[in-house]
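J.: Chains as they are written, first to last, in this note's numbering: chain A, 284 to 562; chain B, 3 to 326; chain C, 24 to 465.
Don't take each hint at face value.
Said to hold, decoys possible - Below are the DSS-like pairs computed for lysine-lysine, each with C-alpha atoms no more than 25 angstroms apart in a straight line: (1) K153(C) to K301(C); (2) K214(C) to K180(B); (3) K74(B) to K356(C); (4) K128(B) to K291(A); (5) K278(C) to K180(B); (6) K180(B) to K379(C); (7) K379(C) to K161(B); (8) K161(B) to K221(C); (9) K83(C) to K443(C).
What the hints assert, rightly or not - Below, a sample of chain B positions facing chain C; criterion: calculated Cβ distance under 10 angstroms: (10) D162; (11) N188; (12) A189; (13) L213; (14) P217; (15) G218; (16) T239.
Said to hold, decoys possible - Here's a subset of chain C near chain A, in silico, CB distances under 10 angstroms, partners left out: (17) R114; (18) Q123; (19) E207; (20) S441.
It should be emphasised that the hints constitute simulated quantities derived from the structure, not laboratory data. These figures come from a predicted structure and were not determined experimentally. The C-beta atom is built at its ideal place from N, Cα and C for all residues, glycine as well.
The primary structure of each chain is shown beneath.
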Amino acid sequence: MRETTGAKSFRIVVLTLLSIFTIVPVYVMVTSAMKPLADVQGAFTWWPSSVTFAPFIDMWKTVRLADYFVNSLIVAGSATILSLIIAIFASYAISRYRFRGRTIFSTTVLSTQMFPGVLFLLPLFLIFVNINSTLGIQLVGTRLGLVITYLTFSLPFSIWMLAGYFDGIPHELDEAAKVDGCGPMGALLRVVLPAARPGLIAVAIYSFMTSWGEVLFASVMTTDANRTLAVGLQLYSTQTNVYWNQIMAASLVVSIPVVIGFLLLQRNFVAGLTAGAVK
Amino acid sequence: MSATTTTPKTSSPGSSPAGKTRKPRQAGWWLPYALLGPAILFELVIHVIPMFTGIWMSFLRLTKAFISNWGKAPVTGLQNYTVALDFNSAVGAGLLRSFLITCAFTLLVVGLAWVIGMAAAVALQKEFWGRGFFRTLFLVPYALPMYAGIIAWKFMLQKDTGAVNHFLFDNLGLGGDKPFWLIGDNAFWSIVVVAIWRLWPFAFLMLMAGLQSIPGEVYEASAVDGAKPLRQWSSITLPMLRPVNMVLILVMFLWTFNDFNTPFVLFGTAQPPAGDLISFHIYNASFLTWNFGSGAAMSVLLLIFLLIVSGIYLLVLNRRSRRA
Amino acid sequence: MKIRSLAAGAAIAALALSTAACGGSNSSSSSESSSSSGSGGGGSITYWASNQGTSLDNDKEVLTPQLEKFQQQTGIKVNLEVIGWSDLQTRIQTAVTSGQAPDVVNIGNTWAASLQSTGAFMPFDDAAFKAIGGKDKFVKTALDTGGAPGQDPTSVPLYGLAYGLYYNKAMFAAAGLTPPTNWEDLVSDAKKLTSGDKYGFALAAGSYTENAHFAFINAAQNGSDLFDSSGKPTFTDDGVVNGIKRYLDLMQTDKVVNTSNVQYENAVKAVNDFATGKVAMILNQNNADNSIVANGMANDAYGVVPFPAPAGSKTDVASHVAGINLSIFDNTKNKDAALKFVNFMTSAETQTALGKPFSSLPVLNGATPNFTDNAEEAKTFSDIYATKAKPLPLVPAEDQFESTVGKAMNQMFATIASGKTVTTDDIKSALKTAQEQVAAAG
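Just chain A, same shape as in the assembly (with noise of 0.2 angstroms):
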C-alpha cells in the first residue's frame, strides 16, 4: 500500500516537532551536567565551552546521594516483588473465578485512583503511627512503611492490568495443568504465569517506576535513616550554593537505571497493555 504525500510530510512534521519536545530537556541535563559551576550559573549556552566530570563526582559529596540512591533502590525493589506477587493472586482470583464480592472488590480497588493523595496523607501517617504503638512495627521513618505504601499504590493498576492479560490465556492451559496432577496453584505457576511474562513484566516495570519517582509521601514520610531520592535530589537546592550542574548529574545518574530498564523492556510493556489493559 503506497503511502500519499499527505501521510508522509505529516508524519516527518508530527515526528521532528515531538523529537525536539522531548529530547530538549534530557539533552540539557547531559550537557549541563558536564559543564563547571562558573558557566551553569552565567548564560545558558546550548553547547558547553568547556566539559568536566567533576559534577559527577562532587554529586555524591554535596548530598548523601549513595545513601539515598540505596533507600530507594531497596524501597522499590521490594514494593515491585510484594505488588507483583499480590497482584499475580488477586488478578487470578478475578479472571478464574466467579464469587460474591468480585465486582465490589474490582470497583473499590480502581477507584482507589481516585483518591486525592493529600486526603490520605495525614492519616496514613496516624495509622502507622498506631500500628506502632500497638502493634510495635516501626512504619514511620522507615523503608518498611515505604514499602508497604508503594507497593499498595501501584496495586490497583497492576491487578487491573494483570487480570485482563490472564483472561487471554486459554482455560484449557489450566485444565490440561490439573490433569497432571496439579492444584489451581500449581497451574497458576506453571502453566499462566510463564504465558503472562509480558503482562507480568509490563506491570513489574509500572510498579517499579511508581515507587522510584513517588514523591508527596516521601516528602512527609521520610527521616535521615530511609530517604529516598525523590526528596534526596531536592537537598541540592538548599546547599550554600545551587550546584546546578551536580544537581542534572545527579538526575541523570538516577534516571539511568530507570530509563535504561525500561527502554529495554518496552516491548514487553506495550504487550502487556495490549494483551491486558488495551482490550
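Given chain A, work out where chains B and C should sit, using these hints.
T.: Just chains B and C now, with coordinates in the frame of chain A:
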C-alpha cells in the same frame, strides 16, 4: 470503571462457562478470597481506612492546639466545609481560584497530551525504517523519574541561566526583557507545558498499544474503497480505539487533576498563584496553617467532585456504547 | 459472609503449602526493614539539630566532638540528626502529630509561641530551670523568646542571631561613600552603587521567612505592631503597609535590586552575590559570615552597620531577636537526661566552642561574642542584639503571620519583577486576605 473490568470474555467460546461452573466446587469456595486476601489487606490499611479517617477528620477542629492529641479534637460538624465553600472569605476564595486554575490546567493538559499522543501513535502506525527508534525516544519522558524530568525543566525555565529564554531571546532574537517563567502569570503556561511533556508519552503508549490490536485488513479494505488517511482515521481508527480512549482519558483526567508532583518540584516554596494546583494548594493550606481538619474538608470536596465527574463520564459513555 | 472471609484469610497459609506441593518452583519474598534507632533506652537521647553551619555534614562535624564530650561527662549517648531548614518545620509537625519525637529539638525561636500552643513541649518550670543552671544565666531578651509571656517557656535560647547591614568596603570607598545611618542614605547610596550588572542591594525576595522578618522590622520602625494585645492580627495598619511598601520599593521604584532576586528562595543566594562582589549591600543575620568567607571574601573586606530606619523614625529597631532555641518534647522518657543535655548545650564552655563555627551570638549573660575575630563587627552585632532588637510577636499565630504575609510579599515581588506595579492599596488588600487567613486558621 467496573464496565471495563468485568467483561473478560476473550477466551475461546465454550470453555469459560464450563470452567466457571466446575472450578469453584473443586478447589473450594475459599480459594478466590484467600488469593485476594493480601491485596484486600493492603488496600484496607493504605487506601480505604485512611480515606475514611480523612473524611472523619474533616468534621473535626483539628488545629495546632489539638494535633498532638488528635483524639480530643472537638467535632465541629460542617464548619470546615462552610469555611471552605464561603467564596467571599479569603480561604474559600483561594480554594475556588485554585480549583478553576486546576480545571483549566486539566483541560489543556489532557486535551493536548491526547492530541500529541494520538499524532505520534498514528505517525508510527505503519512500518518504516527508524520506527523503533522513535518509539523508544518518545517513551523517554515517561521513563524518566518524575522529579528528574521536572528538575531539568526547572533549570531550563530559569530567567537568566535557562535554555528557554536563551532560545527565545538570544537565538530567535525576540526583543524586550527576558520574562520569568516560574513566577507570576507565566507560571501557568510553564506548568502546562511541563505536565504535557510528562503525560503525552503515556497517551502515546496506550494509543499505540490500541492501534496494534486493529487488524491491518480493515485499512486495506477501506483503502480499496478509496478512503483518504484522514477519513480512515476518523472512520476506522477513532471508533476502534474507543475502549482505549474511554479508559485513557479518565485515567489522565484523574492523574492530572490530582497532580501534586509537578507544582511541588517545579515551584518548591515559591507557589505562584497562577500555578497553584489544587492538591498543592490543599497540602500547603494544611501544613502551613496546621489546620488539618480544614485541609481534610477541602480534600473531601475534591474527592466528591472527582467522583461526580467520573460517574457522569462513565454513565454517559456506557449508555452511548449500549445504544451503539 | 464475614466469618467466611475470616476463614478464607486463615487459609492463606494452606495456600502457600499447596503452592509448594506442586513442584520445584517457589517464590520467596524478602521485605526490607531498617532497624531504627529508637529513643527508648535509658542511656541515650535523640537530638534534632537545625542547619547552622555551611552544610548538614559540617554541622555534624562541629557537633560530634561536643556530643562525645557530653557522653564522657554523663554517660549519655546522643543520637544526632541534623535537619535542613526546608524540612525542619514539617518534621517537627509530624513529630508533634505522631508523638514519635526526639527528646531534644532545635526550633527557630520565632516559632516558640506557636509550638508552645500545641502542648507537645515540656514547659520549663522552676525545677527545670534549676536543672539547667537557672534562668539568670540567659540574656533576658533571648530568654523572652522562649514562649508566650505569662507562661512557663517551652524553649530556651541556644544560639543568638541578629540582622545587620553588610556592606562591601571597597565598593563604598570607590564611590566615596560612608555606610548609611538612615534609610534615605541607604537608598541613595544603593542607587549610586547600581550600574551595569552591579547592584546596590540583594534581597532574598523569594523567601517568605525573610520577607516576613522584614515586614516586621520595617513595621516596627514605623511604630506598628502585627498583633494587638488580644492576639488579633493587625496587618492592615498603615505602619505595616507602608513598611512593606518601603521594602518593596527597593526593587520597584528605587531599582537598586536585580529583579532576578525574586527567585532567591533563601538568604544564602543573596549572600553569595555579596561575597562575589555582584552587590554592594545585603541584609543578613550574623551567620552569613561563614558563607561570605567560604565564597572567597576576606573578613576585613566587608563591614556591618545596623539596618537603618528612616530619618525621624519612632524607633531604631534594626532586627528581630533572631536565633535558635532548644525544646524538650513533653513525652520524652528521658527527661533528666534531656535536661542535662540542655544544660550542657547552654553551658559557657559549649557556647564558646560553638559560637565560632556557627557564627552565633552568645545567649548567656557576660559571655563575649567569639563568632568573628573582627572586634568591630562583633561589637556592632552585640549592640544590635542587645539594644536594637525586638522580638517577633509571641503569639500562637506567629508562624501563620510568617507564612501568609511572607508569601503575599513573595507574590508582590513577583509582580514587580514581571514589570507591573504594586500600589499601597494592593498591599493593603493582600494583607487583608492574609489577616483573614490567620483568623480562619485559629
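J.: The structure should be examined with respect to each hint, and the outcome stated for every one.
T.: Consistency of the hints with the structure:
Taken as a hint, the K153(C) and K301(C) pair is broken in the structure, with Cα atoms around 50 angstroms apart against an allowance of 25 angstroms. Under the criterion of a C-alpha separation no larger than 25 angstroms, the hint pairing K214(C) with K180(B) is consistent with the structure, at around 23 angstroms. With a C-alpha separation of about 22 angstroms, the suggested pair K74(B) and K356(C) falls inside the 25 angstroms cut-off, and the hint holds. A hinted pair counts as satisfied when its Cα atoms are at most 25 angstroms apart, and K128(B) with K291(A) qualifies at roughly 11 angstroms.
With a CA separation close to 17 angstroms, the supplied pair K278(C) and K180(B) stays within the 25 angstroms bound. Straight-line distance between C-alpha atoms of K180(B) and K379(C) comes to about 42 angstroms, which puts the hinted pair past the 25 angstroms bound. In summary, the hint linking K379(C) to K161(B) is not supported, as the alpha carbons are separated by about 37 angstroms, beyond the 25 angstroms threshold. Our distance criterion of 25 angstroms between C-alpha atoms is met by K161(B) and K221(C), whose separation comes to about 17 angstroms.
Between the alpha carbons of K83(C) and K443(C) the distance comes to roughly 45 angstroms, so the proposed pair goes past 25 angstroms and is violated. The criterion of a C-beta within 10 angstroms of any C-beta in chain C is met by D162(B), whose closest approach is roughly 6 angstroms, and the hint holds. Below 10 angstroms, beta-carbon pairs count as interface contacts, and N188(B) has one with chain C at about 8 angstroms; its hint therefore holds. Hint status for A189(B) relative to chain C: holds, with the closest Cβ pair at about 9 angstroms, below 10 angstroms.
Of the supplied interface hints, the one on L213(B) is violated, with its beta-carbon coming no nearer than about 35 angstroms to a beta-carbon of chain C, more than 10 angstroms. Interface hint status for P217(B): violated, as the beta-carbon distance to the closest one in chain C is roughly 37 angstroms, over 10 angstroms. For G218(B), the suggested interface contact is broken, since its CB lies about 39 angstroms from the closest CB of chain C, more than 10 angstroms. Nearest Cβ of chain C to the Cβ of T239(B): about 41 angstroms, over the 10 angstroms cut. The hint is violated.
Interface hint status for R114(C): upheld, as the beta-carbon distance to the closest one in chain A is roughly 7 angstroms, under 10 angstroms. Interface hint status for Q123(C): upheld, as the beta-carbon distance to the closest one in chain A is roughly 6 angstroms, under 10 angstroms. Annotation: E207(C) was flagged as interfacial toward chain A, and the flag is violated, the nearest CB pair being 33 angstroms apart, outside 10 angstroms. Interface restraint check: S441(C) against chain A, minimum CB-CB distance 20 angstroms, threshold 10 angstroms, status violated.
Hint violations for this structure: numbers 1, 6, 7, 9, 13, 14, 15, 16, 19 and 20, all remaining hints satisfied.
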